[in-house]
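K.L.:
Below, each chain spelled out in residue letters.
Protein chains: 2
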Amino acid sequence: MAETIGFIGLGIMGKPMAKNLIKAGHSLVIYNRTQSKTEELVSMGADLKNSPKEVSANASIIITIVSDSPEVESVILGKNGIIEGIKEDSVVIDMSSISPITTLKIAKELDQRGVSLFDAPVSGGEVGAMEGTLSIMVGGDGVIYKRIEPVLMAMGKSVVRVGEVGAGGFTKLSNQIIVAGALQSISEAMVLAKKAGVDMQLVYQAIKGGMAGGRTLDMKIPAFVDGKFKPGFKMDLHIKDLKNALLAGKSLGVALPSTGLIHELFSACSAQGEGQKDHSVIFQILEQLSGLK
Amino acid sequence: MAETIGFIGLGIMGKPMAKNLIKAGHSLVIYNRTQSKTEELVSMGADLKNSPKEVSANASIIITIVSDSPEVESVILGKNGIIEGIKEDSVVIDMSSISPITTLKIAKELDQRGVSLFDAPVSGGEVGAMEGTLSIMVGGDGVIYKRIEPVLMAMGKSVVRVGEVGAGGFTKLSNQIIVAGALQSISEAMVLAKKAGVDMQLVYQAIKGGMAGGRTLDMKIPAFVDGKFKPGFKMDLHIKDLKNALLAGKSLGVALPSTGLIHELFSACSAQGEGQKDHSVIFQILEQLSGLK
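Chains as they are written, first to last, in my numbering: chain A, 2 to 294; chain B, 2 to 294.
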């Protein structure tokens, strides 16, 4: 029988991921701050515990997926946290999208208890989480990786070990920097076309087959044309990721001039109360700046 | 027999494009500032003239492809320019990548002589020009377009009429804004990964299938990994395109904050004497800024 897995954080992403683990035959020991979100999993056979500490005392692989760096730190290192219950030779897999600087700090603490940390952030959104088609970027020990790979494969389609612990988070940040840059430049390009009176769909048709072609362009053009920005991926989450990228850059001494500017422009969406919309809503801010709204 | 075409500007792009027109059965009347570049075409049967004026007096469709807005203006409206020899009902197709604001100004002048202007900039580079696989973005009158479409099809694979005159240029600028944004954000993402000690090839493998995926990422990663920036598309030409995008933005009242910053960063490449390298050389500047060079 498959290994017993601890799972902490049953939000929009975590809940469908946990369900896929149960479907793959794993026994689950779970915890969530908001208990109402655990009911469906309990009905599927998951064992609900009262704290991260209780989860880690009853599983040898513990997955966390919560909102940001402070929450991960609290769940793993805090009072009644994972570190208080965990046994030697256990593995913690943090699948949250957080600062890899925090990841490295937590890894050091866990290592002193004989526990390995992996960072394994995902991309692919709620749909990918439900369908088990996430892309998972994994950082951590190469030998122990073989033990957790089948667990990750139950939740994702593309699982790539990119290096030691922290590498998963850096890869996710790289991904988010690239997607943000694409959204920003596509928005500027399309606002220029729109104000010049050129049909955005025709611009898209003319350029999609060349160097400008890519998945963000393909996916977001409909939102620009219709002016509807239904998530998808919420702007506030992308702002969080860019903030973590800038913090990581500062910590390592990496200059991210364009990412810095885009973080500020994305933040303007949030300031205008649009943070819960899809991140393509940046297009609307640029329309405003250009007198189109 | 196919229509006689005037062709002015036999540079890296123009010369192979003109050859494809001859191969498609067109008679060519040609002019180039540097006469040595006309020899091969003359040996293929092209009729060399002494000025743009002489070309336009001997052809009813005249194609121009020169370096930037002032050169196009000079070739069409200047002394011994196209406008001095051209007959009514002729068509001028400018395939240069220039400011669409200049295009609109020239279109007005030609219109007073009963001559239609099309702007039809291309993407796909020297290889696309040689193989006849360019993407051509066309702006101009919808009825007259039918007359020039077969001529354009002899040079390109994707020919899309995006609107009235000027629309081709705006579409090309949109394309260049998007490619610049992609290059900049991919460079920042990869410098962050590199300085964090994560293998750039593995980052690429992990993210290429998701929202970050695209043609610029696929094409430029090898240059980043090898540190070789052989053109391809020269940085100085991309700087020219971004300059034209910013001028167009200023003229229309469109805010292009990120494009403005990227123009400045790209210009730093040129200031360092790297303007003749591939535009992916921006990666090297970001490495320097981050203490990696």
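One thing to keep in mind: the hints can contain errors.
Since the list gives no way to pick one copy over another, a pair counts as held whenever it fits inside one copy or between any two copies.
Said to hold, decoys possible - No more than 25 Å apart at the CA atoms, straight line, and that leaves these computed lysine to any residue pairs for SDA-like:
#	residue 1	residue 2
1	Lys-209	Phe-234
2	Lys-209	Ile-222
3	Lys-109	Ser-52
4	Lys-109	Ser-61
5	Lys-235	Glu-72
6	Lys-196	Val-161
7	Lys-38	Glu-127
8	Lys-229	Gly-214
9	Lys-88	Gly-115
If you're looking for bench data, these hints aren't it; they were derived computationally from the structure.
K.L.:
Now tell me, hint by hint, if it's right for this structure.
P.N.:
Here's how the hints hold up against the structure:
1. Proximity of Lys-209 and Phe-234 under a CA criterion of 25 Å is satisfied in both settings, with 22 Å inside one chain copy and 18 Å between copies.
2. In this homomeric assembly, Lys-209 and Ile-222 come within 25 Å of each other (Cα to Cα) both inside a single copy, at 11 Å, and across copies, at 20 Å.
3. For the identical chains of this complex, Lys-109 and Ser-52 are intra-copy neighbours only, at 22 Å inside a copy versus 74 Å across copies, given an alpha-carbon limit of 25 Å.
4. Taking the shortest alpha-carbon separations for Lys-109 and Ser-61, only the intra-copy value of 18 Å comes in at or below 25 Å, while the best inter-copy value is 75 Å.
5. In this homomeric assembly, Lys-235 and Glu-72 come within 25 Å of each other (Cα to Cα) only inside a single copy, at 19 Å, whereas the closest approach across copies is 46 Å.
6. When the C-alpha separation of Lys-196 and Val-161 is checked against a cutoff of 25 Å, the pair qualifies only between copies, where the shortest distance is 20 Å, while the shortest distance within a copy is 42 Å.
7. Only within a single protomer do Lys-38 and Glu-127 lie at most 25 Å apart by alpha-carbon distance; the minimum there is 16 Å, versus 58 Å between protomers.
8. In this assembly of identical chains, the alpha carbons of Lys-229 and Gly-214 lie at most 25 Å apart whether taken from the same copy (22 Å) or from different copies (23 Å).
9. In the homo-oligomer, the alpha carbons of Lys-88 and Gly-115 lie at most 25 Å apart inside one protomer (8 Å), although the nearest pairing across protomers, at 86 Å, exceeds that limit.
Hint compliance for this structure: every hint is met.
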